[in-house]
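> Chain by chain, the residues:
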Amino acid sequence: MIRTLEDLRQFQRQQEEHMRKQAADTKAKVLVGMGTCGIAAGAQEVYDAICDELKKLNIDDVVVAQTGCIGFCAQEPLAEVILPGNEKVLYGHIDAEKAREIVNQHIVGGKAVSRWAVNGGGMLPEGEQDEATIVPYDEVPFFKTQVRIALRNCGIINPESLGEYVVRDGYLSLAKVLTEMTPADVVEEIKKSGLRGRGGGGFSTGMKWEFAHKQPPGQKYIVCNADEGDPGAFMDRSILEGDPHSVVEGMAIGAYAIGANKGYVYCRAEYPIAVRRLNMAIAQAKEMGLLGKNIFGSGFDFDLEVRLGAGAFVCGEETALLASIEGQRGEPRLRPPYPAVSGLWGKPTIINNVETFANVAPIIHRGADWFGSIGSENSKGTKVFALAGEINNIGLAEIPMGTTLREVIYEIGGGVPDGKHFKGAQTGGPSGGCIPAEFLDTPIDYDNLAKLGTIMGSGGLIIMAEDTCMVDLARFFLDFTQEESCGKCPPCRVGTTVMLDMLNRIVEGKGQDGDLEKLEELGQNIKAASLCGLGQTAPNPVLSTMRYFREEYEEHVHDKKCRSGVCTALFQYYIVPEKCKRCGICAKVCPVQCISGDRQTPYVIDQDRCIKCGACMEACPFDSIIKR
Amino acid sequence: MGTCNCKTAWDELNEVIDAYRGQESALIEVLHRAQEIMGYLPRDVQEAVAEGLNVPLNKVFGVVSFYHHFSVEPKGKYQIAVCNGTACYVKGAPAVISSLEEELGIKAGETTKDGKFSLAAVRCLGACSLAPVMTINQKAYGLVDTEKAVEILKQYE
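Protein sequence lines correspond, in order, to chains C and E.
Residues in the first sequence are numbered from 77 upward in steps of one, following the working numbering.
Residues in the second sequence are numbered from 1256 upward in steps of one, following the working numbering.
The shape of chain E in the complex, shown without the other chains:
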């Protein structure tokens, strides 16, 4: 696990923790905010949350590791998510994922060595009319195929 030395981010995080100080039930809420601020949830962030909310560190880690949304690894600058819901699956999402894997030289769930891209196969994004769908940093691209997906990627290089 890495350590983030970015001071302003820490200030922001501490404000969030202060707002929920001692409220055990706000744990998931605070982790959401922490991940938004820090980009991921390394050990020192989890420790700060644990202390602030008065929750044992092992419980914080238990929650972080349980939910897909939380990550203990830094993610790429551009986060690619390919929807692997049923509608997208039936319409060819697996082929899109493998073409992106080949293009980036990583597997789904990994980040490129230069920290630029991370690739994930995600659960239904609910935009089934545009299947297959992929998103890059929340911007959605619909009706993609193996070629179009790789082309879209080029806009981010």
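Okay, chain C solo, but in the shape it has when bound:
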């Protein structure tokens, strides 16, 4: 049991000693990244193969352990091999077979297999490449410009070990606030740091806490919003899976600041590993006395519980989330009163997002001034972005606020694959908007994104290339929000349905004059009149793509053309006669037999019967079939 700051320091020393001893007694340590995507890519098989190979070779002085998401998702499954006194080597895209070879060559033979290493010299920019060498992580472009605060432990510690968290100064911040600071001091420190909500709104965390702090003493609650619903955003999952204690500690600090003694983490049911690790962390903290009664002998009690979501996007909205924790339908209600005044069961409640809480302990530990020195003028600290879509290095990148989109996409992200051109980046998921290529050099922060007509949101960053149709993409997001509308208020329920109908007509080639003007007007009205954040932001993807890609909408409506070849009603497959070698493969694969021709005459597609499956284009060995 840890009852004093000295107890915690002693526990930390013990753990450090234990780790030192382990390192001295062992030949190597292998860490396998076992977050959801690692496991889906085959990390378990890799883990088993390493253990099995070591057993076969009768090696018992190698530690094999799991860690959370290392963040370089495009390279999963990932494993890190640490030989004392040597540079760490991170292997990517490994399978059971490669894993066995790594055991033999690297661990037994002492020579890293640099061609499979993510930090092998081959990964460096052109001109600096040297296949045979291993470079430090911070020279690898993906890691180079990252500053990891929220992700400080992800991929480094075993998320299921409290000891490893404490070794990295875990719970020292909680000890500090409980033994040295008043709740008002904590609120002041967080306010001073400039930390803003990382879940979407970007509201000052310190100010939010102050509202609840100023409510008269009595029952209050603190809630962590882990209902990460934006498609394409997965940083909260990664933090919960890779460093659950950082969220527990951040919540405990927040609870002390506002005077709450009960907290809930509202987590998506779609994240089973996150839920399991979070529950494990809570149980460990309780066992050690870091949660529960009289923490650090301060008289402060705090208890934490996980509540599962059940698949409703609207529950990411704070009042809907609270209704769901109470066991109700997740329908939002009008604000004010804000939850800080009247939240769970009518009591003052603070709701912050996972990443926000993960930033709290470092701010207390290293000070508000340190945090404030990172980032841009009105957006302090870092933001984790989930890079996905048409980009080489899919993964999680934590960057200082104010980094340009170009750096994120081309340096960290490694650019767009297959030589395609960058077309736009979607931020903020279904509530956000699109940033076209001309704004690649804009520094990313809350204010600049707002000026571009989008939002930071939770940090999903979906990259789109030339073959993404912006009209279809906007339709996709609206389809999402329309289905996720809870139905309580008509502007959202009816408005999004009407907008979706219009977009469906447009992509089917039935657009009419005046449609675009109507879409715009309706969008503005839905934004103005909806009850909650879901409706107020639902038209954003449509309005923002109309702002930057208007000509594509015009083409869809007036010329009945889809330049990206996505909207099937608006293009045809066409065999270029000059390029046709008359092999007949297309005719053979056509499922509706609508292609005719012979050795003498070029093949032709009967457009009336074509179902636009694209099989012919895929099968043609000479690239003679195009979309037009």
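Hints were generated in silico from the structure; no laboratory data involved.
Predicted, not measured: the structure shown is a model, and the values here were computed from it.
C-beta atoms are modelled at their ideal positions from N, C-alpha and C, and glycine is treated no differently.
Hints may contain errors.
Stated by the list, open to error - Here are a few chain C residues that face chain E, going by a calculated C-beta distance under 10 Å:
{"no.": "1", "residue": "Ala208"}
{"no.": "2", "residue": "Gly387"}
{"no.": "3", "residue": "Gly403"}
Chain C is fixed; fit chain E onto it per the hints.
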């Protein structure tokens, strides 16, 4: 709505209900557990939950019908979920869904007549680096395409 006569499952369900007896706020928690045990939430299960937690049946049904995760229809032995999040959508999830629909002869959201497969298009699974992703009974398959998806299905027949 069907009736489940499986006795041990009912015993297990009743234990869960007893543990939360009278706690209205635990409704979603209990429904999660009930669906895990029973596979779905037919009327008699909802009635038992309503009575145990002292919540009106209409409220229980209101909650069940509100959340996507809860189902009042039995699901297939193998539950296929194709992620339709943005990253998967951009990388071709719609084509994967239609090829599976064609292969199974059902639409997304339905179950095959023999009760073997059910198919769903689901919200982002958060494994965007492996887009497009599909899961079968929680086992994830990444980087699928129309052909690979159908091939994976064959392992379950």
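> Now, for every hint given, state plainly whether the structure supports it.
Checked hints:
no.	hint	in the structure
1	Ala208	violated, 28 Å
2	Gly387	holds, 4 Å
3	Gly403	holds, 4 Å
Hint check: a violation occurs at hint 1 only; the rest are consistent with the structure.
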